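J.: Here is what each chain is made of, one letter per residue.
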Amino acid sequence: MLLTHAGHGSGGGLDLAALLASVGLGLFHGVNPAMGWLFALSFGLQEKSRRAILRSLAWIVVGHEASVLPSALVITLFAGQVTRSVAMGVVSAALLAFGLVLLLRPRHFRWVGMRLRPWQLAWWSFLMSTVTGAGLMLAPVLLHTTSSHEHSVAGALSGDLTSAAVVALVHALGMALAAGTVALLVYQTVGVRILRTHWVNLDRVWAFAFVVAGLGVAAAWIGLG
Amino acid sequence: MARTWKPDPTFYPSPELAAEAPPERHAFVATFWRGEGEPNKDALAVVSVDPEADDYGQVVGWCEMPNYGDELHHHGWNACSSALCPNNPHPHVERRYLLMMGLRSSRIHFVDVKDDPRNPRIAKIIEPEEYKAKSGYSRPHTAHCGPEGIYITNLGAAEGDEGPGGIALLDHDTFEVKGTWEKDRGPQYLAYDFWWHINHDRLIASEWGTPRQIENGVHVEDLLAGRYGHTVHIFDLATRKHLQALDLGPQYQMALELRPAHDPDQQYGFIGVVLSLEDLSASIWCWRREGDGDFTISKVFDIPAEPVAEEDVDRLPEILRPFKAVPPLVTDIDLSVDDRFLYVSCFGTGRALQLDVSDPMHPVKVGEVQLGGIMARASHPAAPDLPLLGAPQMVELSRDGKRVYWTNSLYGAWDDDFYPEGVGAWMALAHVDTENGGMRLDERFFPHGADFRGNRVHQTHLEGGDASSDSYCFS
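Protein sequence lines, in the order shown, are assigned to chains W and L. When we follow the working numbering, the leftmost residue of the first sequence carries the number 1, and every step to the right adds one. When we follow the working numbering, the leftmost residue of the second sequence carries the number 1, and every step to the right adds one.
Hints in this document: simulated from the structure, not taken from any laboratory. Careful: at least some of the hints might be erroneous.
Claimed, not checked - Chain L is faced by these chain W residues, among others (derived, beta-carbon under 7 Å):
#1 PRO33
#2 SER42
#3 TRP111
#4 ARG115
#5 VAL192
Said to hold, decoys possible - So these bits of chain L aren't anywhere near chain W, every CB distance computed over 12 Å:
#6 ARG121
#7 GLU127
#8 PRO164
#9 ALA225
#10 GLY249
#11 PRO250
#12 ALA378
#13 ASP416
#14 GLY438
#15 HIS448
#16 ASP451
Keep in mind it's a predicted model, so treat the numbers as computed, not measured. Every residue, glycine too, gets a C-beta built ideally from N, C-alpha and C.
Let's have the full structure, built from the sequences with the hints guiding it.
T.: Here it is in structure tokens:
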């Protein structure tokens, strides 16, 4: 049962809250034009086809997941090997540090080509997701789903990793849903004019989100102490 | 560099949307001192182009460069509509700095024109030593904002007065020089202009000559031997490697300005050739590519030289007397954002042409004005008694295609070859009939002479972008 907690530690397990949080982060990532839907849209416009949008998005999601899934597994493995207090401290510090780096060093990710083969598009998406810390952003959710190390017997660990994989997949689903919906809406009805007027600086919002998440974990950590 | 919450409102995803841009209120003009009279500093002049303003057509602001002798020439924006492109999306930077490049000094000034366009301020300077050491080049010419940062072509190698010229890359966040752009320059040795088909990852570069061939005026020996540039080079914009050289033939000297179609789906564009050694004509060529194939190039428009009667030959500058004719000397061209009209400047005869290039392979002349010219010295309707020297040279066009601006200086040493009495300084504006073609000079707009403080005027860019400043990724 995915929705029941696999371990018996102090983690909250893979409950509805964790799933919603994963999907939400995916939606957040997906609506950002810089994360791929704009690329997919441009292929759609070039080829004058909706299918080109969806085909490109599929590769973008694959690349995104290739970044997020290993990150989720590593974070879970780490959290399973240390005390909850250490895990929360490290995650909080990492989120805060990453958020501040994104805020204070606003250099965007550079990729020079426009004519990309599918695997290159997936690679672009992988790099983009990695440098923006998509996997790290899942850390608070993963802390929630991971057992503390006192109980990390093999079975519990395996359950935690399964939960982590589900979190990563559900996250990608949210990302695909948001990106696909926006790309198709812009293609069908809204038009690229929206880029001028409604493209909020989501990169900066994303950076702030790291800081807020870091502070949240820190607060919980202090509360734990 | 500060980031904004919403995209810079002067960025447009497509050429069609750019044509809806509000009219410019200010024109930014590069002016330079040509070593005559009291030393004067090169400066960015701000000209009011708002027809509702009381000071319409007047120079309303100045920003002087701190040194002497830079010879400001072309300039370019730090950021443009290419920031909306999906492979490098960063639309929360601002179009606010003009890169004013000293073609003679190799010094680059970043001038902030955003908050107070009538009072531009120098925000940063890259000194020549640093620029040469980091870029591998000297004599920076044209700048474009693009996928990897700010790209600048250069006429010469870092040291000395020879080539190879090529492209340098600057970081568009820090404005640091990142280095030489080319990973493989192939056979290219001479450099001049460049632009790209951004959605197809293809960069196009053209050729003028080395600093030695240029800085002391036309090098007649090299010209007659066909040693100025006559080849167009195609690079892979992503891998920075040379792919193709399209040779126009050595009789076609100085293959200069490149104007790719603005529609990002298209892969064709125009190049102006200054001179044919066979008959002194100038010409327009069109390059094209079908799908993923090779590029081809062909001549699509000829502009013949104008013969000069025997009794008038003495009025010609020395360099032209043996030929008894005035060459058109097409030194600049500009393509409207809707890819419909190509504007062609003839620096020799003083004619400014408007070609309908809806069918790129068969341009049709639909408009013409004449100002200055080696023999004609045609006056402006605002000052009918004032014979003009120089000619329509750099041509700039508003995003909506309705206003076309000219300035009258080519390059100090070359002005002097063709206009030994000097070119003075003037700027003109014509309104365009965008339906049927045709241009009408604006009698209210004619800043000239002392308005420019004794400096010559070279290139204009328009507030918020213009027909030669932006690349678009969506059609």
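J.: Each of the hints needs a verdict: does it hold here or not?
T.: Hints, one by one, checked against the model:
A least Cβ separation of about 6 Å between W/PRO33 and chain L falls short of the 7 Å threshold, and the interface hint therefore holds. About 5 Å separates the beta-carbon of W/SER42 from the nearest beta-carbon of chain L, less than 7 Å, and the hint is met. The interface hint given for W/TRP111 is met, as the beta carbon of that residue sits about 5 Å from the closest beta carbon of chain L, less than 7 Å. For W/ARG115, the shortest C-beta to C-beta distance to chain L is roughly 5 Å, which falls under 7 Å, so the interface hint holds.
A cut of 7 Å between beta carbons decides the hint on W/VAL192: the least distance to chain L is about 4 Å, and the hint holds. Once the 12 Å rule is applied to beta carbons, L/ARG121 is consistent with being away from chain W; the minimum gap is 22 Å. Separation of L/GLU127 from chain W is adequate, the least Cβ-Cβ distance of about 24 Å exceeding the 12 Å criterion. Consistency note on L/PRO164: stated as away from chain W, and its beta-carbon is indeed over 12 Å from all of that chain's, at 22 Å minimum.
The non-interface label for L/ALA225 is consistent with chain W: the shortest C-beta to C-beta separation is roughly 38 Å, beyond 12 Å. Residue-level check passed: L/GLY249 sits 31 Å from the nearest beta carbon of chain W, beyond 12 Å. Separation of L/PRO250 from chain W is adequate, the least Cβ-Cβ distance of about 34 Å exceeding the 12 Å criterion. Its beta-carbon lying about 42 Å from the closest one in chain W, L/ALA378 satisfies the requirement of being farther than 12 Å from that chain.
No beta-carbon of chain W is positioned within 12 Å of the beta-carbon of L/ASP416; the least distance is around 42 Å. At the 12 Å boundary, the C-beta of L/GLY438 stays outside the reach of chain W, the nearest C-beta of that chain being 31 Å off. The claim that L/HIS448 lies off the interface holds: its Cβ sits roughly 37 Å from the closest Cβ of chain W, which is beyond the 12 Å cut-off. With a minimum CB-CB distance of about 36 Å to chain W, L/ASP451 clears the 12 Å threshold, and the non-interface call stands.
Violated hints for the displayed structure: none, as all numbered hints are satisfied.
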